[in-house]
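2 protein chains.
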Amino acid sequence: MTANATETRKTKRSPVLINGVDTPALFATIDAVRAQPDLAKFQFRAKSHWVSGTQSHCTMHGFYGAGNELTHVTAFTAVGDHPAVLCGSDHGPTPVEWVLHALASCLMAGVGNVASARGIKLNKVEATLVGDIDLLGVLGLSNEVRNGYQGVSVSFVIDGDASPEELEKIVMQSKARSAVYDIVTNGVPVSIGVKTPAMA
Amino acid sequence: MTANATETRKTKRSPVLINGVDTPALFATIDAVRAQPDLAKFQFRAKSHWVSGTQSHCTMHGFYGAGNELTHVTAFTAVGDHPAVLCGSDHGPTPVEWVLHALASCLMAGVGNVASARGIKLNKVEATLVGDIDLLGVLGLSNEVRNGYQGVSVSFVIDGDASPEELEKIVMQSKARSAVYDIVTNGVPVSIGVKTPAMA
Chain A
3 MTANATETRK TKRSPVLING VDTPALFATI DAVRAQPDLA KFQFRAKSHW
53 VSGTQSHCTM HGFYGAGNEL THVTAFTAVG DHPAVLCGSD HGPTPVEWVL
103 HALASCLMAG VGNVASARGI KLNKVEATLV GDIDLLGVLG LSNEVRNGYQ
153 GVSVSFVIDG DASPEELEKI VMQSKARSAV YDIVTNGVPV SIGVKTPAMA
Chain B
3 MTANATETRK TKRSPVLING VDTPALFATI DAVRAQPDLA KFQFRAKSHW
53 VSGTQSHCTM HGFYGAGNEL THVTAFTAVG DHPAVLCGSD HGPTPVEWVL
103 HALASCLMAG VGNVASARGI KLNKVEATLV GDIDLLGVLG LSNEVRNGYQ
153 GVSVSFVIDG DASPEELEKI VMQSKARSAV YDIVTNGVPV SIGVKTPAMA
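Read top to bottom, the protein sequences are chains A and B. Residues in the first sequence are numbered from 3 upward in steps of one, following our numbering. Residues in the second sequence are numbered from 3 upward in steps of one, following our numbering.
Hint data in this document are derived by calculation from the structure and do not stem from the laboratory. Among the hints, erroneous ones may be present.
Heads up, simulated DSSO-like pairs for lysine-lysine below, C-alpha to C-alpha not over 27 Å straight-line [as the list claims (entries may be wrong)]:
id	chain 1	residue 1	chain 2	residue 2
1	B	Lys126	A	Lys126
2	B	Lys197	A	Lys49
3	B	Lys197	A	Lys171
4	A	Lys49	B	Lys171
5	B	Lys49	B	Lys197
6	A	Lys197	B	Lys123
7	A	Lys126	A	Lys171
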């Protein structure tokens with residue numbers, strides 16, 4: 003292999019895959035959606051069934067997006083439960099911990115994409131999430147105390163080949179375009195319908 | 003075993019465990035918190051680390067509650083990722099699907115507890131959750147389109163030893179005291195802090 007060939011491959015490869023992100027594909031996706039905005043309409047779905055007590059299982063497989071019915075590579079499943087101290091069987095994280103995971107995974111995905119789009123190699127990104135909740139609401143012992151978290155804090159540690167200011171800006175840009183951050187901070191309308199066998 | 007002994011065991015057992023819920027323990031917990039409201043202060047936590055691209059791993063283990071530092075029976079882990087159509091490696095559900103799971107598992111836990119507290123045996127409970135999202139927001143292609151879901155719908159099918167009206171009321175009471183329903187519909191303040199090695 004000549005020095006020239008190595009050089010060519012290097013210049014070809016370096017913008018392609020950074021932090022595991024295929025940045026040309028990412029930019030091409032954004033361009034495709036800009037040209038045809040309907041491709042941006044997605045619908046995500048989950049099917050849950052009650053198992054026993056506070057335990058339930060959920061499957062996430064099919065979704066709609068980019069004009070097509072799609073599926074994940076496999077049907078992902080997850081468990082929700084309460085710990086023993088909250089009269090559950092502790093077969094899985096609590097629903098409110100799943101909210102923290104949802105938020106963390108959204109901010110992390112954004113950090114990966116934003117850093118890559120800016121050509122910044124990441125070495126390590128960690129986040130610790132903490133949510134404070136007063137269960138007087140959930141337990142029906144107070145109408146003044148809300149059911150959900152009083153507040154959530156997220157503490158990032160980020161290391162990469164950029165200045166502290168640039169690294170901080172990556173996290174802040176991720177936050178600015180995070181779907182779950184928007185959902186958790188601003189709220190979303192949720193409708194609930196119920197069918198019983200007698201209605202079927 | 004005499005008929006009398008069987009009868010005694012039946013009357014003893016039937017209020018104890020229904021739908022896998024130890025209802026006397028549930029009521030005792032509520033009474034204990036009523037007497038000492040500080041026991042209701044909980045803090046849930048998650049630790050997340052970025053893996054590659056849009057993929058991250060999260061651990062949910064320790065939490066604070068009922069006046070003590072506690073842990074789950076094991077350190078639960080979960081993955082978040084984007085599917086290929088969104089330039090990810092599809093190693094796990096998307097962050098916004100995790101929101102659906104969080105909501106489903108909270109409503110399901112409530113249904114289990116409320117039905118049991120009302121002495122209603124559940125035969126089957128399923129829920130299908132759907133969230134619509136326009137990615138023009140997340141992709142930075144529109145400032146008018148929000149980043150998160152436009153809306154979420156939850157469709158329950160519930161079967162149990164009660165009238166359709168009573169079964170529907172179980173779901174509605176679960177919703178009325180659901181932590182995640184409150185978080186997702188009303189929003190929660192989220193603070194984000196960033197540290198870089200240079201600051202450590």
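Each hint, compared with the structure:
no. : hint                  : result
1   : B:Lys126 <-> A:Lys126 : 45 Å, violated
2   : B:Lys197 <-> A:Lys49  : 38 Å, violated
3   : B:Lys197 <-> A:Lys171 : 11 Å, holds
4   : A:Lys49 <-> B:Lys171  : 21 Å, holds
5   : B:Lys49 <-> B:Lys197  : 15 Å, holds
6   : A:Lys197 <-> B:Lys123 : 17 Å, holds
7   : A:Lys126 <-> A:Lys171 : 16 Å, holds
Hint compliance for this structure: hints 1 and 2 are not met, and every other hint is.
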